[in-house]
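S.K.: Each chain, letter by letter, is given below.
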Amino acid sequence: MEIEAAIEFAIRLGADYVDIRWEQTQSETLLVKNGKVESAIYEEHGGAGIRVLLNTWGFASISSFERQKVEDAIRRAIAMAKASRRSTKPRLAQSRVAEDKVKLTPEIDPFDIPMEEKIEICLEADHRAKVNEDVKRTSASIFNGRARKLFVSSEGARIDQELPLTYCHVLALAKSGGVVEYMDDMAGGSGGFEIVRDFDMNARAEDAGKKAVALSKARAVRPRKLPVILDPDFVSLLCHEIIGHPCEADRVLGKEMAWAGGAWWSEKVGRRIGSRLLNASDDPRVKGAMGYFEYDDEGVPARKKNLIKAGLLNELMHSRETASEFKVEPNGNMRAESHEYLPLIRMSNTFIEPGDYSLEEIFDLKRGVYLKGAKVPSIDSMRYNFQISAKEAYLVRHGDLEGPFRGASIISNAPDFFMNIDAVGKDFEMRPIINCGKGDPMQTLHVGNGGPHLRSFAYVAGVK
Amino acid sequence: MAERAGAEEAEVFASDNIITTIRIASSRVVETKVVREAGVGLRAAIGQRVGFTCASEFDQKLVEKAVSIARMRPPNPYFNGFAGPMKTDKVDGLYDKILAEISPERSISLAELMLESALSYDRRIEDVSGALNVTVERCEIVNSNGLNVEDKATRIYAHLTSTTRGPNRAEGAAQGGATSLKEFDPVSIGKKASELAANSIKLKKVKQGKYNIILEPPSVAELFYHVFGYAVNGQDVYEQMSYFADKVNEIVASTKLSIYDWGNMPRGLFSKKVDDEGTPTRKTPLIEEGKLVGFVYDMQYACKAGTKSTGNGLRFGDSLGRCYCAEPEPYITNLVIQTGDFKRDELIEDTRKGLLIQRLWYTYPITPQIGDFSTTSRNAFLIEGGEVKSAVHQLRIHENLPKLLRAITGIADNATQIIPWGANACVNSPSIRFKGVRVS
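First to last, the sequence lines map onto chains A and B.
Heads up: the first sequence runs through residues 2 to 465, numbered per this note's numbering.
Heads up: the second sequence runs through residues 112 to 551, numbered per this note's numbering.
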């Protein structure tokens with residue numbers, strides 16, 4: 002059945018608005034662990050997600066576009082959208098109706114690289130991570146995929162996007178004197194095999210091995226409150242958790258209270274929430290970044306959003322529905338993990354903008370702690386209080402580093418942390434995050450997050 | 112087809128899951144959705160070389176691809192063939208035909224019943240959000256060793272958060288589920304969420320320090336799923352990421368604590384007849400009266416550990432259930448914490464001063480290899496003189512689970528099946544009291 006015919010069928014059955022996302026994806030995954038090939042996988046998936054609007058949203062997904070299956074799915078979605086007695090019909094803000102074709106061609110198509118070659122690369126990197134007998138476990142992996150998404154709506158939008166996705170990862174775990182520590186590294190983005198080439202898996206694996214060994218012999222950090230310097234990898238996770246998520250307009254409106262939570266700054270758009278040095282943005286159009294796209298899953302053209310400007314909360318990330326509630330223009334942040342899911346407001350590439358400080362200036366501290374590499378977060382339901390652990394930490398004394406130390410994390414609340422930012426670096430790095438979860442059923446999405454080195458003040462916690 | 116293409120062994124895993132979700136936000140139904148995830152995964156083996164392909168629509172080309180992957184990759188010494196046919200027992204209460212065939216309109220009316228129950232409980236309730244999910248899972252596993260088994264399961268599960276009006280917005284959350292429609296009670300979920308919210312309006316501040324803490328079933332489930340579940344997973348144990356590695360037969364917890372994984376638990380929310388390799392599911396002891404006795408395994412990690420599969424080889428691509436698009440890995444199914452001697456109210460009455468925590472949030476092992484975790488409370492109350500006195504502001508707990516397992520001073524008899532957000536397992540959780548927990 003043609004997609005346009007499906008749209009007309011849904012309108013005839015009473016839908017006020019319809020959109021259909023038809024997707025096809027292919028991917029390869031290679032995983033080597035401890036010298037052995039653990040997985041060598043090829044996948045193909047396809048299908049359509051049909052969204053209809055009547056009294057409320059109705060949605061159905063199918064894996065085949067046979068006429069009968071499409072019509073049954075549409076009937077089901079419409080019946081559900083009509084059935085609720087307790088619903089208020091959402092309003093959608095106007096958006097430019099686009100017809101476009103976007104194809105991001107990678108520099109090196111990873112599907113042209115034979116799987117055997119990718120396996121050899123992973124085996125070699127995995128071997129390099131085992132720098133000595135203290136390293137007990139190693140792994141190396143490569144994922145490459147491509148997705149073609151055709152979006153068609155009853156408003157006349159027709160957008161065909163074809164995007165690549167590649168990432169690679171290395172890990173080493175060391176044990177010394179009963180202490181177990183691990184170090185990992187990864188690269189990824191909307192690109193091809195050039196990402197793997199430029200990452201240099203062998204060198205990174207060896208570095209991970211050496212660092213894991215060093216950390217397994219390191220002292221634990223002593224807990225205390227003091228100035229902290231965060232590297233771009235740590236900043237990327239911090240930005241993700243306490244800037245990106247609370248800027249999602251559905252959270253701000255309290256629509257995600259059941260699971261994902263709300264946002265502590267709900268009433269503060271236009272007001273100061275941090276230091277004048279703090280600027281943060283979300284931009285889907287950062288070429289090569291993990292969260293790159295030109296149109297979101299509502300067909301809204303992507304654009305950069307200035308979320309925080311000079312410490313003022315400036316703009317949120319919207320769907321057409323939340324944009325209508327806020328009386329603003331939609332700004333292209335709706336995405337779904339696949340055709341099987343309804344889109345939600347998600348980050349694309351959310352980052353802290355670089356500032357004016359050199360690294361020498363940032364590290365010019367009488368005493369502080371430098372935290373490198375983000376490990377695991379824990380954030381409260383309003384994105385106010387947080388704890389994020391680091392892969393490694395160093396004491397800073399008058400620009401000199403002592404360490405590494407293991408087991409460090411920072412605990413703070415977002416307003417205090419933001420207000421205490423007193424240096425933002427000129428450098429910048431965008432990092433890949435491949436597992437951002439939201440929604441019910443939960444969806445996992447890849448996003449880009451990043452920033453420069455920055456300095457603030459927080460409680461540094463140690464191991465328990 | 113795979114054998115004709117050159118495979119010596121082959122295994123096909125087909126899954127067909129339908130998930131109906133009714134989402135509630137701002138006290139109304141905002142989304143009604145049906146997701147159907149169906150496809151086929153094929154593993155083709157030539158000796159110990161295994162290739163895997165999967166697709167939502169399978170064809171000959173993918174069969175040949177799986178065989179070609181097997182040909183070109185090095186052998187996996189931990190692959191010793193696919194499972195053979197084994198005797199499987201019926202699992203009581205696994206599949207409810209009425210629930211499997213529930214109409215979307217009926218699902219919506221159940222969600223609305225839950226919503227109305229929450230709103231009508233107390234006029235101070237201003238906002239209700241949550242979701243109701245109905246899952247119907249079907250799979251079939253066939254392999255060249257003669258295995259040919261079908262499995263199916265149904266599950267209805269809902270959670271709701273009620274929030275009060277006014278400047279000090281208080282929230283309360285409740286959840287519940289069943290494998291059959293007749294055992295599902297939406298009214299009680301709505302009522303409980305609003306009752307907790309109404310009781311949380313005046314929040315008191317609590318000084319940081321050490322407290323005796325009673326975790327209610329939802330917070331026990333959150334803690335044990337995120338911070339205990341991986342530690343008893345054979346994969347994490349082998350990879351040295353578990354704080355239980357090298358500790359089998361040691362005392363690791365209070366003697367009050369016994370935990371097992373129960374894959375064929377009657378009416379278990381994540382029960383299965385067989386795992387996703389065809390191995391029959393069973394009860395696997397993990398901790399017995401404080402002693403660590405076992406882990407959960409699939410066939411590969413059992414081979415690495417020199418033992419046998421425990422029937423925990425599962426395929427989860429995402430949170431939609433057993434999925435054709437993944438290779439098997441060890442996973443917990445229904446993690447059962449054995450109930451204790453206390454009534455839940457007796458646990459409270461027996462606590463001179465402490466905290467009662469209904470719900471924990473964003474609980475992650477921030478240093479997984481040693482079991483340090485961090486979490487915050489959503490819905491906590493102060494206990495004084497054996498009585499629940501007042502609701503308290505959100506707390507952060509940064510602690511070590513191995514230490515807390517030894518600090519258990521009481522377990523209640525009120526076990527409830529709880530599915531944490533995004534989980535592909537369930538924790539059968541009673542209320543548990545811990546001594547000397549640091550909060551800030």
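Don't read these hints as lab results, they were simulated from the structure.
Hints may be right or wrong, so weigh each one.
Just so you have them, the derived chain B footprint on chain A, three or more residues with Cβ under 8 Å [claimed, not checked]:
| # | stretch |
| --- | --- |
| 1 | 58 to 67 |
| 2 | 91 to 102 |
| 3 | 116 to 126 |
| 4 | 252 to 258 |
| 5 | 333 to 342 |
| 6 | 459 to 465 |
All residues carry an ideal CB built from backbone N, CA and C; glycine is no exception.
S.K.: None of the hints should be skipped; say for each whether it holds.
M.R.: Quick rundown of the hints versus the structure:
1. 58 to 67: It holds, with 8 qualifying residues against the three required.
2. 91 to 102: violated (count 1)
3. 116 to 126: Coverage by chain B holds for the stretch 116 to 126 of chain A (4 residues, Cβ < 8 Å).
4. 252 to 258: Per the Cβ count (5), the hint holds.
5. 333 to 342: holds (count 3)
6. 459 to 465: holds (count 3)
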